[in-house]
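Protein sequences, first through last, are from chains E and R.
Residue numbering for the first sequence follows our numbering, beginning at 1 and increasing consecutively.
Residue numbering for the second sequence follows our numbering, beginning at 1 and increasing consecutively.
You may find that some hints are simply not true.
[What the hints assert, rightly or not] Derived lysine to any residue pairs resembling SDA-like cross-links, with alpha carbons at most 25 angstroms apart: (1) E/Lys-121 with R/Asp-30; (2) R/Lys-233 with E/Val-92; (3) E/Lys-121 with R/Lys-140; (4) R/Lys-140 with R/Lys-233; (5) E/Lys-121 with R/Leu-71; (6) E/Lys-121 with R/Phe-128; (7) R/Lys-140 with E/Phe-39.
Simulated from the structure, these hints should not be mistaken for lab results.
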Amino acid sequence: MSADGDAAAEPSYRFAVAPRFSISRPFEARLERNGGIRFDGERVEPQSDWRPLGATEIASLVSDVSSRDAVLWATQLGLVQVPEHLRTAWWVEAERSGGPPGTDGRFEGIFSKVVEFFRFKRLPLPERVSLRVSVSVPGLSSTRVGPAGALQGLGFGDGEQTTAAKGGQPVACINLGDETGFVVVLELPPATLARRLEAAREMAPHTPAALVRRYFEVFPGQSLLRVRLDPGEGLWFSPLGVIHDGWTEGKRDLDVMLHIGAETPTLAPAESLSRPMANVHDLP
Amino acid sequence: MSARLGPLDLLVIQPTPFCNLDCSYCYLPDRANKRRIAEATLERIFQRVTESDLVTRPYTVVWHAGEPLVLPPTFYERAFALAARYSRPGLEVTHSFQTNGTLVDAAFCDLIRRHDVRIGVSVDGPAFLNDARRKTRAGKGTLARVLSGIEMLRRHEIPFHVITVLTQEALDYPDELYAFYLEQGVAMVGFNVEEIEGPNKSSSLSAEDAALRYQAFMSRFFDLAMGHQPELKVREFESMIAAILYAEPDRGLPSQEAAPFAIVSVDCEGNFSTFSPELLGLESATYQGFAIGNVQRHSFAEAAESPRYRSMAADVEAGVSQCRASCSYFAFCGGGAPANKYFENGSFNSTETLFCRLHRQALAEVMLSKMRRPETLDSNVG
Numbered sequence: 001m002s003a004d005g006d007a008a009a010e011p012s013y014r015f016a017v018a019p020r021f022s023i024s025r026p027f028e029a030r031l032e033r034n035g036g037i038r039f040d041g042e043r044v045e046p047q048s049d050w051r052p053l054g055a056t057e058i059a060s061l062v063s064d065v066s067s068r069d070a071v072l073w074a075t076q077l078g079l080v081q082v083p084e085h086l087r088t089a090w091w092v093e094a095e096r097s098g099g100p101p102g103t104d105g106r107f108e109g110i111f112s113k114v115v116e117f118f119r120f121k122r123l124p125l126p127e128r129v130s131l132r133v134s135v136s137v138p139g140l141s142s143t144r145v146g147p148a149g150a151l152q153g154l155g156f157g158d159g160e161q162t163t164a165a166k167g168g169q170p171v172a173c174i175n176l177g178d179e180t181g182f183v184v185v186l187e188l189p190p191a192t193l194a195r196r197l198e199a200a201r202e203m204a205p206h207t208p209a210a211l212v213r214r215y216f217e218v219f220p221g222q223s224l225l226r227v228r229l230d231p232g233e234g235l236w237f238s239p240l241g242v243i244h245d246g247w248t249e250g251k252r253d254l255d256v257m258l259h260i261g262a263e264t265p266t267l268a269p270a271e272s273l274s275r276p277m278a279n280v281h282d283l284p
Numbered sequence: 001m002s003a004r005l006g007p008l009d010l011l012v013i014q015p016t017p018f019c020n021l022d023c024s025y026c027y028l029p030d031r032a033n034k035r036r037i038a039e040a041t042l043e044r045i046f047q048r049v050t051e052s053d054l055v056t057r058p059y060t061v062v063w064h065a066g067e068p069l070v071l072p073p074t075f076y077e078r079a080f081a082l083a084a085r086y087s088r089p090g091l092e093v094t095h096s097f098q099t100n101g102t103l104v105d106a107a108f109c110d111l112i113r114r115h116d117v118r119i120g121v122s123v124d125g126p127a128f129l130n131d132a133r134r135k136t137r138a139g140k141g142t143l144a145r146v147l148s149g150i151e152m153l154r155r156h157e158i159p160f161h162v163i164t165v166l167t168q169e170a171l172d173y174p175d176e177l178y179a180f181y182l183e184q185g186v187a188m189v190g191f192n193v194e195e196i197e198g199p200n201k202s203s204s205l206s207a208e209d210a211a212l213r214y215q216a217f218m219s220r221f222f223d224l225a226m227g228h229q230p231e232l233k234v235r236e237f238e239s240m241i242a243a244i245l246y247a248e249p250d251r252g253l254p255s256q257e258a259a260p261f262a263i264v265s266v267d268c269e270g271n272f273s274t275f276s277p278e279l280l281g282l283e284s285a286t287y288q289g290f291a292i293g294n295v296q297r298h299s300f301a302e303a304a305e306s307p308r309y310r311s312m313a314a315d316v317e318a319g320v321s322q323c324r325a326s327c328s329y330f331a332f333c334g335g336g337a338p339a340n341k342y343f344e345n346g347s348f349n350s351t352e353t354l355f356c357r358l359h360r361q362a363l364a365e366v367m368l369s370k371m372r373r374p375e376t377l378d379s380n381v382g
């Protein structure tokens, strides 16, 4: 099997503008694909050979949820956007209080408003969520940071606050910066990775981190997608788990990302590995 | 003339039926017609108003119905002079334009400032909402031109309010609308609902779940507007709070649209009507039209004696009585909007309409819930 597999036969995520959002930049001007990954010690990082996608590729990656009653399915990665006044409010607080934004109470009011906003939009938010902001310098091909502050490379979790060990799971990331930001994703759900490994007569590991590592060791040519996020825009992940990372190469300003994570995951990546993917097939 | 008529609050003058836009929800059937009002007709309107017993307090002339700014500032200089000539001391006239904003230029800004004209700009929010319904005659979106008009008003430091028509689609976007108003420097907004009137035979808000979605929208918008400093004023919130605070159980606040001659609407031929302004110019099988006279031939008192007016007024009053007897929201409303009753229910002598369910009942529920307890933020933030 090739690194990109038989896309038509395997479950994979599709991109969509989330229901009840209106975002003008088309996916053609938003998605790019690269030629695979590279290893940097223990880290798996995307190669930097990004190229635009053709119309056929875009068509296979994008789905429509334009109906106002639509929901964002677990098989979809949703493009969202926080209103400018919320993004501005975060910056006003950041500049007023100074210092690096953490998870202290200073931003709780703004975070609450962000959560209220997404709840109004009827996005699939877990009952309890955690929000944190990461700030990364330009020039990085990975921005996910582990508990010790080291870069993690591609993975399921979104960093120190929502590691699998804490039972957390990324729900969304939002670009709070004034400059275009990027998130790199693999459009394949964990079960597809496991199936591919099994097809290659490899044992699928039972932890998310090991699965990521092993999958890319076996399929180093597996391409990734880079999603362009304008200021205020974000990507809503699938609860099934999405391999992703940040990307700040080519940026001029600090990369400022708001990460929303589930405090009590509905379906952690580790769990998803042991579940059949039939439920994904069943979804429209 | 009976003492029950008036007092006049709004004199709505249609100087031309023509509008340079072609919005899909517009109820005006004649908006491609470029006729304009003659100066003699205009003078006759103000004469008739002054001669009548309707003016017992200052009133507002609303230049509306058709796009008023398709006529040049020089037209309004003469019109305002006529209005001033016929106004009585202490009962001065305030002028108001309800405009689509696309034709605001420096000359109009100069006129507006000198005459202290109130400006309402019709705009439905960001492009994906506004341009879906508010279109040019060539079918293109209008937002860019509206924003250029708003920018012109701001540059001339002219205060303005905004009227936004809420459609089904808009109910999902309170935050986006709020952000739009902030960005455009809007200090006061009024929400109209897309109504079933005249040629607009259906409303996107007729869907079963519209009231719940409208309620969710208004609740969300209330929190946003009140949380802003200075707060964004919303006409619907202010009027409903006043209604709740001052209404008496069996005596609803008077409905301006249902009050005879509180509103007088005159078209560019001098035909006039009362009750809901949008009635004038629309067809009616029941009354053979809603015009009750023409300023060239009839005084308002004479029109009030006409069989058509008497029939209309009796039906409107009967409809209000029905509302009083059957609607638990009557105290917050006063009897609804006659035009909505007629075009939705087929008669003035009827009760609930889409307008009632949304702008009265759902809104009252939202405001009552906000007044009962302060909104607590359900943060769920860990």
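Verification of the supplied hints:
1. E/Lys-121 with R/Asp-30: Distance of about 39 angstroms is beyond 25 angstroms: violated.
2. R/Lys-233 with E/Val-92: OK: R/Lys-233 and E/Val-92 at ~23 angstroms, within 25 angstroms.
3. E/Lys-121 with R/Lys-140: 29 angstroms, violated
4. R/Lys-140 with R/Lys-233: 31 angstroms, violated
5. E/Lys-121 with R/Leu-71: Roughly 43 angstroms between the alpha carbons, so the hint for E/Lys-121 and R/Leu-71 is violated.
6. E/Lys-121 with R/Phe-128: Roughly 17 angstroms between the alpha carbons, so the hint for E/Lys-121 and R/Phe-128 holds.
7. R/Lys-140 with E/Phe-39: 52 angstroms, violated
Hint violations for this structure: numbers 1, 3, 4, 5 and 7, all remaining hints satisfied.
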